[in-house]
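Colleague: Numbering-wise (numbering that gives the first Met the number 0), the sequence shown opens with residue 0 and increments by one.
Be careful, since some hints might not be right.
Restraint-style ranges between C-beta atoms, simulated for each label pair [said to hold, decoys possible]:
no.	residue 1	residue 2	range
1	73	17	27 to 37 Å
2	26	61	24 to 34 Å
3	49	73	13 to 23 Å
4	71	17	27 to 37 Å
5	61	19	32 to 42 Å
6	25	70	31 to 41 Å
No wet-lab data here; the hints were simulated from the structure.
Fair warning: this is a prediction, and the values are worked out from it, not measured in the lab.
Backbone N, C-alpha and C define an ideal beta-carbon position, used for all residues, glycine too.
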Amino acid sequence: MTHELAVFAPDFPASSLAPNEIVPLLIGSTVGEIERELVLQTLARCGGNRTRAARVLGVSVRTLRNKIRLYTAGGINVPAHTI
0 MTHELAVFAP DFPASSLAPN EIVPLLIGST VGEIERELVL QTLARCGGNR TRAARVLGVS
60 VRTLRNKIRL YTAGGINVPA HTI
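With the hints as extra help, turn the sequences into a complete structure.
Modeller: Rendered as structure tokens:
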């Protein structure tokens, strides 16, 4: 997926795109692709901190770790912890 998704969370400023501008970017993508992009971009914005990213996404650290494991097994680069 080549479109950049907005991540809406209390820790991040709201995107400048309105919902009616975001939805057209998502059409044609699978839910799995959108979820993967959201996870990867959230990890990037959290500096690779999995605990913080899991909290922002509203999932457990275990769930996030399992998703990351699937992504890396598929050859997808996952943001590493930078701090």
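Colleague: Could you run down the list of hints and mark each one as holding or not?
Modeller: Against the structure, the hints come out as follows:
1. 73 / 17: 27 to 37 Å: 32 Å, holds
2. 26 / 61: 24 to 34 Å: Holds, since residue 26 and residue 61 (Cβ atoms, about 32 Å apart) stay within the stated range.
3. 49 / 73: 13 to 23 Å: With a Cβ separation near 18 Å, residue 49 and residue 73 satisfy 13 to 23 Å, so the hint holds.
4. 71 / 17: 27 to 37 Å: For residue 17 against residue 71, whose Cβ atoms are near 34 Å apart, the range 27 to 37 Å holds.
5. 61 / 19: 32 to 42 Å: Given range 32 to 42 Å: holds, Cβ gap about 35 Å.
6. 25 / 70: 31 to 41 Å: 19 Å, violated
The structure fails to meet hint 6 from the earlier list, while all remaining hints are met.
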